[in-house]
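Chemist: Residue strings, one per chain:
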Amino acid sequence: MTALFKIALRAIMRNKLRSSLTILGIVIGVGAVIVMVSIGQGAKVFVEKQLESLGINVLIIIPISTTHAAARGTTGTITLTAEDAYAIARECGAVGYVSPGMRTTTQVVYGNMNWTTGVSGVGPDYQIIRNWPLKSGRFITQRDVNTMAKVCVLGQTVVTNLFGMLDPVDRWVRVNNIPFRVIGVLSAKGQSPTGQDQDDTVLMPYTTIQRKIMGVTYINYILASTITTEARFEAIDQITALLRQRHRLRPNEENDFTVISQVEFASTVMETSQTMTILLGSIALVSLFVGGIGIMNIMLVSTTERTREIGIRMAVGAKEKDILFQFLIESTVLSSIGGLIGIIFGILVSKLVSYYGGWPSLLSSPSIVVAFLFSNMVGIFFGYYPARKASRLNPIEALRYE
Amino acid sequence: MQDIVLLKDVYKVYTMGDIKVTALDGVSLAIKKGEFMAIMGASGSGKSTLMNILGCLDSPTQGKYYLEGIEVSRFSKNELAEIRNKKLGFVFQNFNLLSRTTVVENIELPLIYGKKISKNDTDEIYRIIRILGLEGFEKHYPNQLSGGQQQRVAIARAIANNPTLLLADEPTGNLDSATSTDVMNVLCDLNRTMGITIVLVTHETDIARYAGRVVVLKDGRVLSDTPSHSPGTPAVHASCETVP
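Chains as they are written, first to last, in our numbering: chain A, 1 to 402; chain B, 1001 to 1244.
Bound-form chain B, shown alone (with noise of 0.2 Å):
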């Protein structure tokens, strides 16, 4: 299968004054269509880096970064927000949604800065809504919302333009257990009937588990990268269903 991420000894080196922080070292890594990967770590172990820079939030210091085969670890801020918008999606741990901004219009955010948003896009933003049972929100504001829900929404936005890789960064670390449960069902949910190829951060090893392969990182480099399930079978899908 076609690697989706390609990392090739990725550094990022952070100057403060005259003290230089590696925060990656020389990090390689592949990841497949359709995969789920989780990315764990203790902090500073430069999981965050890692993924501001698959986030194309960021650019490496060092090393080269494909995605879907094109080296974007030289793009400019402008040509890095084209692919954040095309090719990305993002749902963060605070949510980060607009506020006083309707649900649907958060959602359609990221078609804004693309195109014109069309009557198929709209007809889309609908299914979205639908399949992320956010029916009857639509014009809720989120602070209005529940977490859960407002996480759905964020999730709801990062599939809008239906990126080729979608980053969680700690999705559930402001959610108590049970919607915590909720959001990554969601998540597994999208990976396995949509194909979406995730990757997700976090520190708890139960959300990892829902991933089919995990990455560990420790002081910028990988320490292991084990997949949940022997390979062959479709990880994500045995990874999602063994989860009580």
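Just chain A, with the same shape it has in the complex (with noise of 0.2 Å):
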């Protein structure tokens, strides 16, 4: 055996730019693989990070008009109140924390500068539910909620557009022309997974904008943590058995809200990334079986090539499965080194794509492993035939041939 992969290597050493060449179409083929499942595996990771940002047990109860026709959507509905917040917070077991909030957009002013912005009215367990920490100062507290207090806490992209480097905390800050006072920020959250900037909000109790702002009774919407991932089912169920309860909707009446879990939308992501990397990672697999055909080429030119040099060795002795070997052994080092290089050349572009193209990339240990032994099958596989072919000939004639 030994002898035989001597016999092999000088072959392929022989033939250097021919073996290169071959090899270079296994490398292209397993780099492409190493690339295609990094990037996707990378994607898969970031899309998982972006949605626990989210929160992955929350659940989003939002208002929809089904008898009032002039007034459908799902913001200017009026069927959710504070009160149905704390009574889901109070009698549905499977719901951990409950905010109620509140969503407009309106300028805020800081001296001289303004931004436009998302302003959302939440309640104390909002930074719980929302999983977010503060970079500095304090949260809305209850009592800020109960006394309706002109308090604010702000997200890092206002933050930089109003103060730039200046600490916003226990500043003014003019929003609908009322002085809110700044209590608190927040830490930077990123984009959400539909490329929405998370940290372009200001948030303050939920009472201060109905009441100070808005003028208003109801809420937009209620946001709910449930106390573990596997239990939204059941807190989905609660909390619609609940409201309909309070809303005194009849069995033949339609829901007058409706329940997102994050978990729906999050595998639907999830999935269409998994679906991604499956589609890339067969397009590369397409470049390796290409790559294998042509060691299945080379290889019969090859053992055409040396028709003489397997007679002779066949004269001497040689068995079938001698020469079997001999020629796998070669398809099947050239394959190898192939992976090899590949799987070097595979991490380094992968690694350029995340660095340049800002796309982040995973190498897991078992996808290089798996490539490599992939590289190994391509070349036993796709060098059996020939192989086959020359252990197959007939010595007289293979010493005849010229």
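By construction, these hints were calculated from the structure, which means they are not laboratory data. The structure displayed is predicted, hence computed values, not measured ones. Check each hint, because a few of them may be wrong.
[Stated by the list, open to error] Straight-line C-alpha distance at most 30 Å; calculated DSBU-like pairs for lysine-lysine:
{"no.": "1", "chain 1": "B", "residue 1": "K1008", "chain 2": "A", "residue 2": "K319"}
{"no.": "2", "chain 1": "A", "residue 1": "K6", "chain 2": "B", "residue 2": "K1115"}
{"no.": "3", "chain 1": "A", "residue 1": "K321", "chain 2": "B", "residue 2": "K1064"}
{"no.": "4", "chain 1": "B", "residue 1": "K1087", "chain 2": "B", "residue 2": "K1008"}
{"no.": "5", "chain 1": "A", "residue 1": "K319", "chain 2": "B", "residue 2": "K1086"}
{"no.": "6", "chain 1": "B", "residue 1": "K1008", "chain 2": "B", "residue 2": "K1119"}
{"no.": "7", "chain 1": "A", "residue 1": "K319", "chain 2": "B", "residue 2": "K1032"}
{"no.": "8", "chain 1": "B", "residue 1": "K1032", "chain 2": "B", "residue 2": "K1008"}
{"no.": "9", "chain 1": "B", "residue 1": "K1087", "chain 2": "A", "residue 2": "K319"}
{"no.": "10", "chain 1": "A", "residue 1": "K189", "chain 2": "A", "residue 2": "K351"}
Make one complex out of these two single chains by using the hints.
Modeler: In structure tokens, the structure reads:
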């Protein structure tokens, strides 16, 4: 076996240019697989992280108007109240934290700077539900909510645009011409999976928005976290039952609200990125396949060229399996070298792509091992036919071959 | 003395489409240990076919071939390969050395397919290299050698596994007369000093004269089978020595 290895290696070294071109085919194939898989996996992890930033256990309850055709839409309908939110927190066992939510867009002014942004009215548990740490200051408390305090917490984007490098805590901003004291600054959270800047926001007690800014009594939405990810279906059922009862809906009436689970949204996004990985991976596999055909082609040429050599080896006593193994080893060594270089090449390219393209890549060692084993299999698979052909030669004819 | 080779009524028929060609038409032959035999005949007489069968590269269509008392005529391809490896050595007209492979590696070739190469084998190979006067050329490649030297390498390879029978198919066909004499003397020497049994195919009478026994084939049959010298004396010695 060692002798056969030596023979195979020598044959590869003899035709350096040809061997390297054959190897190149595998290098590109394996490299492409590595790059595609690492980018695909990187994208998956990226999406996962973004979803985590949203809060994976979060349910959003929004009103929908079914009876008042004129007021169709998600905002402006008045079916949800802060009492609904408190009832959910009190009565639904599968729900952990609840926060009523208000939403409007308005201009925020500091000194001579102004910035138009989304202003959200929230409860004290909002920070826990969103799992959103503060950078400085404090968050809105139940006391702020009860007193409709004119305080606000700023997102990073707002801070940057209004204050630059200044620390905004305890400074005053004007919202709708009402002065608000900045009590805290949120840490940066980045983009949401849908591409929105989550840091472009101002948070204040929902009661403040209701009374001081919008002058309404309803709320726009309710944010609730479930006790576990698995409990979300139970939570949805409990909330639905409770709100139907509270809204006095008859059994034949449709819900005047809807409960959206982040998990369902998340799994859609995950599926998309999974599909992309599979798609890219298959394209890469095709190129590995083409590389394999290259090996087969070269091995066929090589066995024909070396017919007389095969004849000589058979004359001195090489058995069919000796010849078969000699050429199988040759093709497998070619593809393994290609596989190794392809892995290095793939790692480099995926690093480059993530560096210059700002696209994350993740290299997992199983995928590298699989790619290497796969390249070996390509060598054996595509080398088998030429090797078998060589081993079946008639020694007399092979010796006479010119 | 023991018959190394015993052919009993051997036929070889090639079928090419509808036409049947009888290459060997009932050949019976016995070769004793230590003999140096030449096979002669015009082209198409069946001498190459006979050589292939003797060399276990091909099997007879009919008839029996005993090599050292073992019937090999019905052996499988793998068994024949084993026999070639252990008991036979080949020398060809066109040398058939592996190009871009050193002299030593060419000579070692039969051993690769036999078993692991031991220290003993390496010593043996260097002994053979000395016998054939190839010292200093161990690391050379065949294309760096003259025709005569290449044929010496081929002979060295043929005897590397210490075969019972050496088959030489027109070994001087590609060589000039001086080198031919040289190569034939090497074969004679091996036959005489090492007792290697040799079967030589040639169409040159001059070359055939080195052998102690000449078999002439015609149309696949043995036309004549004549010893060069009177029986009883080792024919081999006599014939080798009588050549000028």
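Chemist: Does each hint hold? Answer for all of them.
Modeler: Hints, one by one, checked against the model:
1. Between K1008/B and K319/A the alpha-carbon distance is near 27 Å, which keeps this suggested pair within the 30 Å criterion.
2. Restraint check for K6/A and K1115/B: satisfied, since their Cα atoms lie roughly 15 Å apart, inside the 30 Å limit.
3. Only pairs whose Cα atoms come within 30 Å are accepted, and K321/A paired with K1064/B is accepted, the gap being roughly 27 Å.
4. The straight-line distance between the Cα atoms of K1087/B and K1008/B is roughly 20 Å, inside the 30 Å bound, and the hint therefore holds.
5. Between the alpha carbons of K319/A and K1086/B the distance comes to roughly 12 Å, so the proposed pair stays at or under 30 Å and holds.
6. The suggested pairing of K1008/B with K1119/B is violated, with an alpha-carbon distance near 41 Å, which exceeds 30 Å.
7. Taking the CA atoms of K319/A and K1032/B, the gap is about 28 Å. The hint holds against a cut of 30 Å.
8. Proximity of K1032/B to K1008/B is assessed by CA-CA distance (about 15 Å); at most 30 Å being required, the pair is judged to hold.
9. Taking the CA atoms of K1087/B and K319/A, the gap is about 15 Å. The hint holds against a cut of 30 Å.
10. Taken as a hint, the K189/A and K351/A pair is honoured in the structure, with Cα atoms around 25 Å apart against an allowance of 30 Å.
Hint compliance for this structure: hint 6 is the single one not met.
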